[in-house]
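Go ahead and model the full structure; you've got the sequences and the hints to work with.
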Amino acid sequence: MSNRTPRDIVAALDKHIVGQSKAKHAVAVAIRNRWRRMQLPSEIAAEIMPRNIVMIGPTGVGKTEIARRLARLVDAPFIKIEATKFTEVGYVGRDVESIVRDLLEAAIKMLRAEDAAEVAPAAEEAARNRVVSLLLGEAIGETRQDEETDAEGSESVETQEAHDRVRERMRKKLDEGLFDDKELEILVREKPTIPMMGGTGPDQMDPGLGSMLEKLVPETKHRRRTTVRRAIQLLTEEETEKLVDKDRIIERAIERTEESGLVFIDEIDKIAINERGGSGEVSRQGVQRDLLPIVEGCAVTTKHGVINTDNILFIAAGAFHTANVSDLMPELQGRFPIRVELEALTRDDFRRILSEPHASLTEQQAALLSTEGMTIEFEDSAIDAMADLAAEANERLENIGARRLMTIMEQVFEELAFEASEMVERGETSVRIDEDFVRSRLRTVLEDEDLGRFVL
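Counting from 150, one number per residue, gives the positions in the sequence shown under the working numbering.
In the PhoX-like style, the derived pairs of lysine-lysine whose C-alpha atoms are separated by at most 25 Å in a straight line are:
{"#": "1", "residue 1": "Lys395", "residue 2": "Lys452"}
{"#": "2", "residue 1": "Lys391", "residue 2": "Lys370"}
{"#": "3", "residue 1": "Lys229", "residue 2": "Lys419"}
If you're looking for bench data, these hints aren't it; they were derived computationally from the structure.
Listed below in structure tokens is the structure:
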């Protein structure tokens, strides 16, 4: 897995997320501790358990964004799930063990991509050779050997040399892209379609049943007419499947899942039971009970093998408006020893969010309209106005944090986005966004509180 230092991780998160230093530091240290543990002798490493984290904070302050950005930073299997999507074992719905199965599938996908990148040059070379054979009019076969064998099977040396020269010239033209739009017919493999049981979704199917059905349904091939460019892509994928070692990928994926797997559980407060209880109390309690052994450490059977969850890191998050962390089962609370409270966003935070992060909302909007040939310039007064309006709307209405900025940005640019192409045709290729521009676009919404509640 990645050996980034905590400071490196925090610096990378700072490029996209404003504030919340405590949460960033907590996840950075947790990720670094995974690497530290892997450097220790096995007898000591076996005693060190991951320090799971629970992040507490209102909606829109960056909990999910931290997890999303973290997934791109760490070279480890990662999945994000919502606690409300699961049901107690015995009820219709997904059981919590599917978390581990999904994590393993993420690891397999990651390793397959890594191995595919390694064999990509060889796979593309083989695919191009097959396309050359097809362009030369040789028979379509299941293997390259079939495609490159003469129908009669006995060519003279001179004929073979002439044939090779023709292939070289054809290959040169292919590499130069002269045949990209030419159509040809190829044989492509078609993955079997697994029949679905009535009332059963793919997530609810037994892990071994899908594998068994795949073996029962034979793989088929069919002729497909396509362009040379697309044929190279399809045949490269086919050659890649031949070159990668699937069994080895699964072995490594199991090891990587167990040693460096990372699970982000969002909306965990929704399965907490407050003092008032409710109709969903039994179901929530059941999900917590089922989640406990997974977080604590147990063996989960998947179609690829058994996964031990002892060293998988869990990061949970929730707003905890109507419930507290203490409303979770005591045993489950104890499995999340690190608690981090995220701060509500202020006007200054909104200003920074609009201007500082990489690919901020203002940069995104300017980039979108630049495709029409229009230049957008934001004055500081416009940034301040949008930040003030977002803070005011969060105070008067529901506090949805930074998500309010997206709503305001869309309202400000609604008319401009609609008329951009026509404005460019009239020669209006530059627009300066200032405070007056922002407030004029939102004046009606701001004056009518009921409308503001609906729109913002």
